[in-house]
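Chains A and B are the protein sequences, given in the same order. Taking the working numbering as reference, the numbering of the first sequence is continuous, increasing by one, and the terminal residue is 142. Taking the working numbering as reference, the numbering of the second sequence is continuous, increasing by one, and the terminal residue is 1147.
These are computed hints drawn from the structure, not numbers from a lab. Check each hint, because a few of them may be wrong.
Simulated restraints, written as ranges between beta carbons of each label pair [stated by the list, open to error]:
hint, chain 1, residue 1, chain 2, residue 2, range
1, B, D1034, A, V114, 38 to 48 Å
2, B, R1053, A, P64, 13 to 23 Å
3, A, D121, B, P1062, 47 to 57 Å
4, B, A1032, A, R53, 30 to 40 Å
5, A, K124, B, D1103, 18 to 28 Å
6, B, P1036, A, S118, 38 to 48 Å
Okay, derived cross-link-like pairs now, DSS-like style, lysine-lysine, Cα gap no bigger than 27 Å in a straight line [what the hints assert, rightly or not]:
hint, chain 1, residue 1, chain 2, residue 2
7, A, K103, B, K1086
8, B, K1059, A, K124
9, B, K1075, A, K124
Note that CB positions come from ideal geometry on N, CA and C, so glycine has one too.
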Amino acid sequence: MDILLVEDSPGDIRLTVEAFRDANPAVHIIVVRDGTEAMAYLRQLGIYVLAPRPDLILLDLNMPKMDGREVLALIKADESLKLIPTVILTTSAEEADIVHSYKHHANCYLQKPVELQSFEDLVKSVNNFWLNQVRLPQQASV
Amino acid sequence: MRVAATEISSLDVLLVEDSAGDVRLAQEAFRASDKPIHLHVVGDGIEALSFLRHEGTHKNAPRPNLVLLDLNLPKMDGREFLAVVKSDASLNSIPMIILTASDAKEDVAYCYQHHANCFVRKPGQWSTFESVVKDMNKFWLFMVELP
């Protein structure tokens, strides 16, 4: 299972990677640090020519260069990429960000918890729900 | 108005399902949830649209926080209903969870293409059905920020 984590904060990257390692060692997390790099990865440009297509995308909203809102819009306007479930994971609890994300077809919106334990619980529940209960496009009826 | 999943007192969930047995199972599974949920049930896509658009007998219907949608329905089926809702600018922010017995690859791809928020397979057995609904509740009602 490949998850693309689009996140610029080194602390949050560390937390997310460690929490997934505890929740499900079969998950492979690929980290990119801004929106431009995320789109290069998804479009398999440059050094990403052999990059695997992720099963799930975790996307922060506030990032340098190209932010998460723009990345979301590009993913969901692309006939092929739009199938990849894209989960917003951000510190923002702004009403405008939540509504904007759903309107632009984010698959769900999660607020990053401040406390370590809650952060671990959140990652565990993403793993339980998205990776175990949900049918993802490429794993349908094998 | 924002409805934070963690702060909310009660939630409106619209279940679009024509099978009486599955409606019963969903009601029981939701009743077991720790959160007060108003589960509204409609049996086909036409009625579901009336509910969302406050038409006819659904004049006073609340805007649901979440929609659970079966695919195979009479009159207007779930695929068509999904496409209509997700291309309507006033309704497209409502999260739609596909809950169906179908496991067809084409259905899964179609639903994500038409912006279903996620696709969950309805399990055949009651014990599994209950645990799927419980996991779904735990995630969507307690972890996710709903619009």
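Does K124 (chain A) sit within 27 Å of K1059 (chain B), going by the straight-line distance between their CA atoms?
violated (40 Å)
Regarding K124 (chain A) and D1103 (chain B), is the given constraint of 18 to 28 Å on their beta-carbon distance met?
holds (26 Å)
Check the hint pairing K103 (chain A) with K1086 (chain B) against an upper bound of 27 Å on the C-alpha distance.
Since the Cα atoms of K103 (chain A) and K1086 (chain B) sit roughly 9 Å apart, the hinted pair holds (cutoff 27 Å).
Consistency of beta-carbon spacing, S118 (chain A) to P1036 (chain B), with hint 38 to 48 Å
With Cβ atoms ~22 Å apart, the hint is violated.
Taking the CB of R1053 (chain B) and the CB of P64 (chain A), does the distance hold inside 13 to 23 Å?
violated (42 Å)
When you take the CB atoms of D121 (chain A) and P1062 (chain B), is the distance between them in 47 to 57 Å?
With Cβ atoms ~29 Å apart, the hint is violated.
A1032 (chain B) versus R53 (chain A) beta-carbon gap, inside 30 to 40 Å or not
Once the Cβ atoms are compared, 37 Å apart, the range 30 to 40 Å for R53 (chain A) and A1032 (chain B) holds.
Please test the hint of 38 to 48 Å on the beta carbon pair from D1034 (chain B) and V114 (chain A).
violated (23 Å)
Regarding the pair K1075 (chain B) and K124 (chain A), is the alpha-carbon distance no greater than 27 Å?
violated (40 Å)
In terms of the numbered hints stated before, the structure departs from hints 1, 2, 3, 6, 8 and 9, listed from lowest to highest.
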